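Same order as they appear, the protein sequences are chains V and L.
Using this note's numbering, the letters of the first sequence correspond one by one to residues 203 to 551.
Using this note's numbering, the letters of the second sequence correspond one by one to residues 203 to 551.
Honestly, I wouldn't trust all of these hints.
All copies of an identical chain are treated as equivalent in the list; a pair is satisfied when it fits inside any one copy or across any two copies.
Claimed, not checked - Within a straight-line C-alpha distance of at most 25 angstroms, the following computed DSS-like cross-link-like pairs (lysine-lysine) qualify:
(1) Lys478 - Lys449
(2) Lys276 - Lys297
(3) Lys297 - Lys524
(4) Lys392 - Lys276
(5) Lys473 - Lys449
(6) Lys449 - Lys249
(7) Lys524 - Lys478
Note that these hints are calculated values from the structure, not bench results.
Fair warning: this is a prediction, and the values are worked out from it, not measured in the lab.
2 protein chains.
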Amino acid sequence: MGDTVKIALDAMGGDNAPHIVLAGANIARRRHPDARFLLVGDEAELKPGVARHRGLADFVEIRHAPGRVEDDAKPSQVVRSGRDTSMWQALEAVKDGDAAGVVSAGNTGALMAMAMLQLRRVPGLDRPAIGTFLPTLRGETVMLDLGANLACDARNLVEFAVMGTVFARTILGVPNPTVGLLNVGSEETKGNEALREAARILRETDMGGEFVGFVEGDDIPAGSVDVVVADGFAGNVALKTAEGTAKLLNAFIREAFRNSFMARIGYVFAKRSLDKLRARTDPRRYNGAMLLGLNGVCVKSHGGTDAIGFATAVGVAVDMVKRGGNRMIAEQIARISPAAGGTAQEAAS
Amino acid sequence: MGDTVKIALDAMGGDNAPHIVLAGANIARRRHPDARFLLVGDEAELKPGVARHRGLADFVEIRHAPGRVEDDAKPSQVVRSGRDTSMWQALEAVKDGDAAGVVSAGNTGALMAMAMLQLRRVPGLDRPAIGTFLPTLRGETVMLDLGANLACDARNLVEFAVMGTVFARTILGVPNPTVGLLNVGSEETKGNEALREAARILRETDMGGEFVGFVEGDDIPAGSVDVVVADGFAGNVALKTAEGTAKLLNAFIREAFRNSFMARIGYVFAKRSLDKLRARTDPRRYNGAMLLGLNGVCVKSHGGTDAIGFATAVGVAVDMVKRGGNRMIAEQIARISPAAGGTAQEAAS
Numbered sequence: 203m204g205d206t207v208k209i210a211l212d213a214m215g216g217d218n219a220p221h222i223v224l225a226g227a228n229i230a231r232r233r234h235p236d237a238r239f240l241l242v243g244d245e246a247e248l249k250p251g252v253a254r255h256r257g258l259a260d261f262v263e264i265r266h267a268p269g270r271v272e273d274d275a276k277p278s279q280v281v282r283s284g285r286d287t288s289m290w291q292a293l294e295a296v297k298d299g300d301a302a303g304v305v306s307a308g309n310t311g312a313l314m315a316m317a318m319l320q321l322r323r324v325p326g327l328d329r330p331a332i333g334t335f336l337p338t339l340r341g342e343t344v345m346l347d348l349g350a351n352l353a354c355d356a357r358n359l360v361e362f363a364v365m366g367t368v369f370a371r372t373i374l375g376v377p378n379p380t381v382g383l384l385n386v387g388s389e390e391t392k393g394n395e396a397l398r399e400a401a402r403i404l405r406e407t408d409m410g411g412e413f414v415g416f417v418e419g420d421d422i423p424a425g426s427v428d429v430v431v432a433d434g435f436a437g438n439v440a441l442k443t444a445e446g447t448a449k450l451l452n453a454f455i456r457e458a459f460r461n462s463f464m465a466r467i468g469y470v471f472a473k474r475s476l477d478k479l480r481a482r483t484d485p486r487r488y489n490g491a492m493l494l495g496l497n498g499v500c501v502k503s504h505g506g507t508d509a510i511g512f513a514t515a516v517g518v519a520v521d522m523v524k525r526g527g528n529r530m531i532a533e534q535i536a537r538i539s540p541a542a543g544g545t546a547q548e549a550a551s
Numbered sequence: 203m204g205d206t207v208k209i210a211l212d213a214m215g216g217d218n219a220p221h222i223v224l225a226g227a228n229i230a231r232r233r234h235p236d237a238r239f240l241l242v243g244d245e246a247e248l249k250p251g252v253a254r255h256r257g258l259a260d261f262v263e264i265r266h267a268p269g270r271v272e273d274d275a276k277p278s279q280v281v282r283s284g285r286d287t288s289m290w291q292a293l294e295a296v297k298d299g300d301a302a303g304v305v306s307a308g309n310t311g312a313l314m315a316m317a318m319l320q321l322r323r324v325p326g327l328d329r330p331a332i333g334t335f336l337p338t339l340r341g342e343t344v345m346l347d348l349g350a351n352l353a354c355d356a357r358n359l360v361e362f363a364v365m366g367t368v369f370a371r372t373i374l375g376v377p378n379p380t381v382g383l384l385n386v387g388s389e390e391t392k393g394n395e396a397l398r399e400a401a402r403i404l405r406e407t408d409m410g411g412e413f414v415g416f417v418e419g420d421d422i423p424a425g426s427v428d429v430v431v432a433d434g435f436a437g438n439v440a441l442k443t444a445e446g447t448a449k450l451l452n453a454f455i456r457e458a459f460r461n462s463f464m465a466r467i468g469y470v471f472a473k474r475s476l477d478k479l480r481a482r483t484d485p486r487r488y489n490g491a492m493l494l495g496l497n498g499v500c501v502k503s504h505g506g507t508d509a510i511g512f513a514t515a516v517g518v519a520v521d522m523v524k525r526g527g528n529r530m531i532a533e534q535i536a537r538i539s540p541a542a543g544g545t546a547q548e549a550a551s
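So that you can see chain V by itself, here it is in the shape it has in the complex:
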């Protein structure tokens, strides 16, 4: 396949699979002409599906997998009994080298569990993390962890900082990302012991980015740093609160333009600008959470996204593969890992 990048797609994952996966792939192959897709799922559904998307057939290959991971399936169960599923088979394709990365809009817990088993952690890493990027006042910011690890020690937070820095460099194209640890205040004495110890290590560690210290919740939308590092509980709460608040404000704006005749006229004039505003915070532009720290690119799409959103997630996988993000993460983790005598040793001891 020459210089092409092959991404395995869990064709049966997500609310509207396989339709949005196929439509998303067809958008993604136009955005990334060197991308090729291994569609993993029910062949009987996928074959006619591909035919309905003009031009897609030249860019895809179908691999049959009869099973499907249900949305409410327990991760512990599907890792044992779900080996015939599209999710497992898509991950296996990455493990076997048949694809360079995988994208799934299916059950997050199952994807985490299966990916850990199949792709395994990069050497020296204690805990993988889920990272994503979101819109801010100054552009875009990477945040992790988003829920893979609810409680974290200092070593985990340092690892997240390293992985988040590579992710920001790879996906956002920031050459020297600034990194902040999410806390309840910016003073050195704030927070729990794990945060203070992680800050101490990060101040002394060359981890590829510029550690600026503690940041607070409002620093996330302000874009005060390029990478926000948090334990999975705080990161998850912050991301969902930000998403929910954006929805709230959008609802208030819609209502404001409806609640008088004058406002409706105003809307007609301002429509183009308001559409641009909506595009700027469109969740589909920020769809694609990456499981960082595994031997293979694995991207989780929102289950309820549409084809445009799914194509964004595919783009994250393509960029990570083409720019060697995972190789850089492995190198950086090896450098700081206890086995290498790196600084994470102190936190782990």
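Position chain L relative to chain V; hints supplied.
Same frame as chain V, but now just chain L:
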């Protein structure tokens, strides 16, 4: 003073003290004609200050306190050496029964520490908490803790649920508040042990509100429940992320209306509706965090607020005093406390 409510005001606390305190008191006495204020601070500054606010003199009494808690003062230090400060003296007035509540826009950590020492916890309570209320899609929601306790066990979370329920009933006027525990998912298996144990207790406890289970970050702005209970770390991150995201969206909206001639025309037509929108999410309407669980009403105003915002915080104190919020909290805590054989026992053991 008959049926009046006397509130002690830390006249020297906050970025623009005593000016905004005096101006705020003058707004508050119009909103709450039965309120009277004990202005605690530098008499030489306060006397001419009061005279400048027409009509205020009839509603205030000045108590001289020469000292002032600095913004960067360490709580542990000021509780020892700051007994001559306006903050300490204002709290002492509540302790001595000279005022029914106190409002301060000063140093949060110092206020917490001083209030704990002077007003003490209500009997049976393990940890006081900071609670506030914020705008949501369905009205307003109470959230606590906002940073008084970074790590919480099940008993603490149950106590917060009880206090938050009373706060919502008192401040928002919701007769039977719904209560949710902030988590990373709504399934019973989600979160850490403290959260799962607190949920188990709350399902079995008559704590005055209706416990609905776990909620997520986006449920806060959605207004899915009347009371969101979280440990101080998650609550602080969620509140600041919500505030920051609202600021981000407002900045985007301003930009949208500036970026074309048509949009500027649209703005002229829609201005009145947009002003209403702004008023709806005006942080000054949500100023006033309450230290819940003490023997006395103690409200913290944002340090950077203006007179209108300060008057809102005063209103929170007045409402809590008039509606007997603290008495209800003490009763409910006594009912569930271990000493009373209540359900919090299980969590504490």
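Evaluation of the provided hints:
no., hint, verdict
1, Lys478 - Lys449, "both (16 angstroms within a copy, 18 angstroms between copies)"
2, Lys276 - Lys297, "within (23 angstroms within a copy, 54 angstroms between copies)"
3, Lys297 - Lys524, "within (17 angstroms within a copy, 67 angstroms between copies)"
4, Lys392 - Lys276, "between (37 angstroms within a copy, 12 angstroms between copies)"
5, Lys473 - Lys449, "both (18 angstroms within a copy, 21 angstroms between copies)"
6, Lys449 - Lys249, "neither (37 angstroms within a copy, 48 angstroms between copies)"
7, Lys524 - Lys478, "neither (30 angstroms within a copy, 49 angstroms between copies)"
Consistency with the previously given hints fails for numbers 6, 7, ordered from lowest to highest.
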